[in-house]
Amino acid sequence: MTTTTNTPASTSGRPYHGVGDRVRLWWDAQARPTQWLIGVPFIVFIAFLPVLRIPVLTTVGTDFGSVMAQFGMIALVAIGLNVVVGQAGLLDLGYVGFYAIGAYTVALLTSPDSPWNLTDQWLSQDWAWLFCVPIAIAITAISGLILGSPTLRLRGDYLAIVTLGFGEIVRLLADNLTTITGGGQGLKRVAYPRLGESTEHPDGVFSAGNSAPPWNSGLWWFWVSIVLIVIVLLVVGNLERSRVGRAWVAIREDEDAAEIMGVPTFKFKLWAFVIGAGIGGLSGALYAGQVQFVVPTNFNVVNSMFFLCAVVLGGQGNKLGVILGAFVIVYLPNFFLGRTDLFGISIDGNTIASYKYLFFGLALIILMIFRPQGLLPARQKLLAYSRQLYQAARRAVLAGEGRTTPVPADGTVDGRGPAATKDGGER
Amino acid sequence: MPLLELENVSVSYGRIEAVRGVSLTVEEGELVTLIGANGAGKTTTMRAISGIRPLSTGTIRFDGRDITRMKAHERVVAGVVQAPEGRGVFPGMTVIENLEMGAYARTFKTKAEHDATLDNVFELFPRLAERKTQVGGTMSGGEQQMLAIGRALMARPKLLLLDEPSMGLAPMVIQQIFRIISEIHDQGTTVLLVEQNAQQALSRSDRAYILETGEVTTTGPGKDLLVDPAVKAAYLGVA
Chain P
908 MTTTTNTPAS
918 TSGRPYHGVG
928 DRVRLWWDAQ
938 ARPTQWLIGV
948 PFIVFIAFLP
958 VLRIPVLTTV
968 GTDFGSVMAQ
978 FGMIALVAIG
988 LNVVVGQAGL
998 LDLGYVGFYA
1008 IGAYTVALLT
1018 SPDSPWNLTD
1028 QWLSQDWAWL
1038 FCVPIAIAIT
1048 AISGLILGSP
1058 TLRLRGDYLA
1068 IVTLGFGEIV
1078 RLLADNLTTI
1088 TGGGQGLKRV
1098 AYPRLGESTE
1108 HPDGVFSAGN
1118 SAPPWNSGLW
1128 WFWVSIVLIV
1138 IVLLVVGNLE
1148 RSRVGRAWVA
1158 IREDEDAAEI
1168 MGVPTFKFKL
1178 WAFVIGAGIG
1188 GLSGALYAGQ
1198 VQFVVPTNFN
1208 VVNSMFFLCA
1218 VVLGGQGNKL
1228 GVILGAFVIV
1238 YLPNFFLGRT
1248 DLFGISIDGN
1258 TIASYKYLFF
1268 GLALIILMIF
1278 RPQGLLPARQ
1288 KLLAYSRQLY
1298 QAARRAVLAG
1308 EGRTTPVPAD
1318 GTVDGRGPAA
1328 TKDGGER
Chain W
244 MPLLELENVS
254 VSYGRIEAVR
264 GVSLTVEEGE
274 LVTLIGANGA
284 GKTTTMRAIS
294 GIRPLSTGTI
304 RFDGRDITRM
314 KAHERVVAGV
324 VQAPEGRGVF
334 PGMTVIENLE
344 MGAYARTFKT
354 KAEHDATLDN
364 VFELFPRLAE
374 RKTQVGGTMS
384 GGEQQMLAIG
394 RALMARPKLL
404 LLDEPSMGLA
414 PMVIQQIFRI
424 ISEIHDQGTT
434 VLLVEQNAQQ
444 ALSRSDRAYI
454 LETGEVTTTG
464 PGKDLLVDPA
474 VKAAYLGVA
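Which chain is which? The protein sequence lines are P and W, in order. The first sequence runs contiguously to residue 1334 in this note's numbering. The second sequence runs contiguously to residue 482 in this note's numbering.
With the rest of the complex left out, here is chain W (with noise of 0.2 Å):
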């Protein structure tokens, strides 16, 4: 049984429907990858996941359970845990209280796992440990993704979603935070990721999903499709 199932889900934003009878699966384990251009429906189908947006039509089930009505803060509590796009940090919170709001809603049950947790996070970011203290919204573009993810791991997701990571960021950068998602992959967290970034995106995961204009067009294993030739001449930049 998949951890996430996404069957024939629809949403739409007023008359313009946005996802179009998406299905798509998540095993226990696995680093999904869904890609496509701008406007595809990558970051509505998120947030349909997360509960942010209501769906028209399919259902969502997650662990065994149909949460497709289930209000985004119970989701949370189920273990679905997303770090937004735009990543979506409490400007005027310093990073250790970002984090801490990370475990808001599933609080730790003894200090230890708490500190264990926290030390977790600041050794996958060590640029969080240095800015303990920072302001959130001082920061700069990679260390507030940085902090988004690690505000969301705070929660110990089931399922991690993370929205478009590498946005606006230099390439340095988003090596370095891809690096780190495939960390906490091998760490035993399952990871749906939704990227633009394809080249970096599908190295990295065991399967992806092509969207297109609101639909699934091609999935398979992310190495496949990394060698695809439609997927090269639209995604890759290489004819």
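For reference, chain P alone in the conformation it holds in the complex (with noise of 0.2 Å):
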């Protein structure tokens, strides 16, 4: 699966022209203050998608609040496999087992079921999901770091069966210590944010209890996770086009070649390991705010899969690609559950939610044989050169308009261009 980056774009050699390379194509050519004044609304207006109630797009079974909520922590989980899988091309199989260390680490310090419990000593209630955070997201990048370290010298197949029973080992540990963890009972009532307390609210607009929509703590998980996207993206936005994010491109692209040119490339595998994480932790304690309640059930190897899926669906290596892949996983089923009719059409909802399983692996198949890249791919260039480049192809474009001959960027812009026998010619 890693090598998918790899793989020419097509077997029949032609370049692909879809509507997503175009739109990259402009946004890139975008300055970056332009950038936002673009991005901002768009993000405000994503962010009351569940205030607004469009007709169709709302979900009918499950409040939309709650399932926008449920995206923005998969997305948050999506970007951080994202710097594993898609940026150093490491294939792992049990990214579930961060989720599920940062999901306990916070109900273990919070929950008054856990023998760890701090919010019956010195730690206030009111702030004891915050102060976990950043907790949570240490301990999980620790745990990176001790998976990482022995594992990160198998390659391919092998680390992916590894990371693999890892991620069992962390919901069987969940599942046994049952003196530490509750075992199958789980832990209950999990430190959140008590903020907006009111006669309406009396414990506050996090609580799972508010629950009358639009205004509920699904909404207000929604915007939280939001904020957390966007730092998260910055922070990764950066690495990739440091030092750091080049040596992980040339690790995923050919990792001897990488050794060869001065790339330790244990070291920089070993980082994007524990940011990646890191960041799943920190979605991990998200959940746990957000439910408030967790159980070992909920970190199964099918979610991991489900990560992957997102990932690969929405394109690996590509930050806003595997968000937009982590939106269909989340919304989809949800999409149908409850839904008796669809524009006139009556539909059976819950049947067709209760295949999704059957539904995303027929669309992974139908993925890999017409677009492996996944729908929004990376453009598998260096990134730190990538911005100018584009904007002087952009130019080129400009310049070329009305020109009958296609401007030769055409192939060397998206990245891939004419897919070639890789050994082809002068053989």
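Note that these hints are calculated values from the structure, not bench results. Heads up, a few of these hints could be off.
Straight-line C-alpha distance at most 27 Å; calculated DSS-like pairs for lysine-lysine [to be verified]:
1. W:Lys-401 with W:Lys-466
2. W:Lys-314 with W:Lys-352
3. P:Lys-1174 with W:Lys-314
4. P:Lys-1174 with W:Lys-375
5. W:Lys-354 with W:Lys-375
6. W:Lys-401 with W:Lys-352
7. W:Lys-401 with P:Lys-1174
Quick list of the computed label-pair ranges, beta carbon to beta carbon [to be verified]:
8. W:Gln-430 with P:Asn-1145: 37 to 43 Å
9. P:Leu-1271 with W:Gly-431: 52 to 58 Å
10. W:Pro-369 with P:Asp-1064: 48 to 54 Å
11. W:Lys-475 with P:Arg-1150: 46 to 52 Å
If you want the footprint, here are the derived chain W segments under chain P, 3+ residues with CB under 8 Å [as the list claims (entries may be wrong)]:
12. 302-316
13. 422-436
14. 466-473
Ideal Cβ positions, reconstructed from N, Cα and C, are used throughout, including at glycine.
Put the two chains together into one complex, using the hints given.
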């Protein structure tokens, strides 16, 4: 699966000219301030989607706010997993383990059921969640280091299997360390931010008890996740454009060649793992706060696959792509859930939703045949240079508008170009 | 003192010893060739020098330092740079990005130095200059080989390791590549070349080692080996 990023775009040898490529070309040609000017209202629009309640868009079976909150968390997970899978090209099948460690860290430190509960001692219930988030990030990052140091010497499939095992180990530990984690009973009453307490919302707006749409807890958690996503995107984006990002691209493309070019491959793979784990932990902490109840069954291996599905579907290596992937994964099943009528046609939405794994499986297979690089593919360029190149290409396109011959920037701009066999030519 | 010195180097893959007690030296400014048939241990020797493959016994000294235990990426910083066998260019990166990756470990102190090195690479390989924005994976075999060598040059090597640069290329392109290797050597770079193409390699190198089933069997100046009856019979296809 890691090699999909390396395969030329299509077997028939024609470059892609999808809508996505055009949009990206246009987007990358804009100046930073313009990007913010368009980006911020767009984000605000997305943030208020659950309030606007646009008829067909709004989910029926589950509250739209909660669906979007779930989307926010999975988007964070996808961004984190994308650092590992998309950027550094390391196939991690146990990413749910980090998600679980993040969630359990918050739960263990704040749930009254836990022996390590701090909220009955010196930690105020009001700020406990916020206090635990950095701890959760740190602990998952360390667990990433512990998992990564021995296993990152492995490659490809072997790494995938070891990480798969790790995910299961975390879940089984949570299930069996009954005295600490409560086993299958889980940990209840996990702390959350006690903000906006009023007569209407005695436990604050973030409480799971605040369930009346549209201004319910789901919406508030969705907003928190949007803020976190923007922060994480800025951090990860800067990393990508740095020497670290260049090293990741080189490792993903050809690990031996990267080492020979003087890239300390092991160190940077470990970095990718640790950063990815930290982001997964952050998302887990968000989950623990939102649901306020943590049980091992939420962290089974199917979820790992689900996360990976979001990354692959959206486009490995592209941050916005994986967010789109997360949206598809979370929204589509919920779109059908409880729906009996779509544009006048009566459907059995519950049945469709219950077959979600079948549909996502099919979708992945179809995607691998027709668009193996995902819905919004990465441009397979060293990001440090791509922006300038895009702007140059944009100028070339503008200048060449009216010309009969196509601008040569074609293949080179989308980073894939007319696919040729790798060793073709002078053989 | 030689720039590179291998002393009694052995490398094993599991129980199979691919290289057995190889000793060789490369003096500063030399072009030395290692020739041998398939499976003689040429690439393994190369990988041992660049640090991808650990030694089972022996020592490697470079520039007066023992680098036997040094990691591959640290050896690049020290000045041992390899253009790998099978080219190993980054398939999704453009020519420019590939070249910039070459300078990853040894960054340029000034922009002028960067531009001068890049210009030199483009002068040696005008083909690369024409294809700056083409993606590595879509180039022809010969162009990829040029890119791999150009990328190694961006690290300004003290010792350039070239692993079978002629592999899988058309005779015309092989000629061209060898001419460029000579040119790089003339510019003052020490080169250790691994080749199966004995004719071309021997006629251009100062000295050569012949490797057979993991051991050095013959050594001497390239021109002498070219007329050596045993070498002729084994590698040059002349009875």
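Right, here's what the structure says about each hint:
no.: 1; hint: W:Lys-401 with W:Lys-466; in the structure: 25 Å, holds
no.: 2; hint: W:Lys-314 with W:Lys-352; in the structure: 24 Å, holds
no.: 3; hint: P:Lys-1174 with W:Lys-314; in the structure: 12 Å, holds
no.: 4; hint: P:Lys-1174 with W:Lys-375; in the structure: 30 Å, violated
no.: 5; hint: W:Lys-354 with W:Lys-375; in the structure: 19 Å, holds
no.: 6; hint: W:Lys-401 with W:Lys-352; in the structure: 17 Å, holds
no.: 7; hint: W:Lys-401 with P:Lys-1174; in the structure: 25 Å, holds
no.: 8; hint: W:Gln-430 with P:Asn-1145: 37 to 43 Å; in the structure: 39 Å, holds
no.: 9; hint: P:Leu-1271 with W:Gly-431: 52 to 58 Å; in the structure: 54 Å, holds
no.: 10; hint: W:Pro-369 with P:Asp-1064: 48 to 54 Å; in the structure: 42 Å, violated
no.: 11; hint: W:Lys-475 with P:Arg-1150: 46 to 52 Å; in the structure: 50 Å, holds
no.: 12; hint: 302-316; in the structure: holds (count 3)
no.: 13; hint: 422-436; in the structure: violated (count 0)
no.: 14; hint: 466-473; in the structure: violated (count 0)
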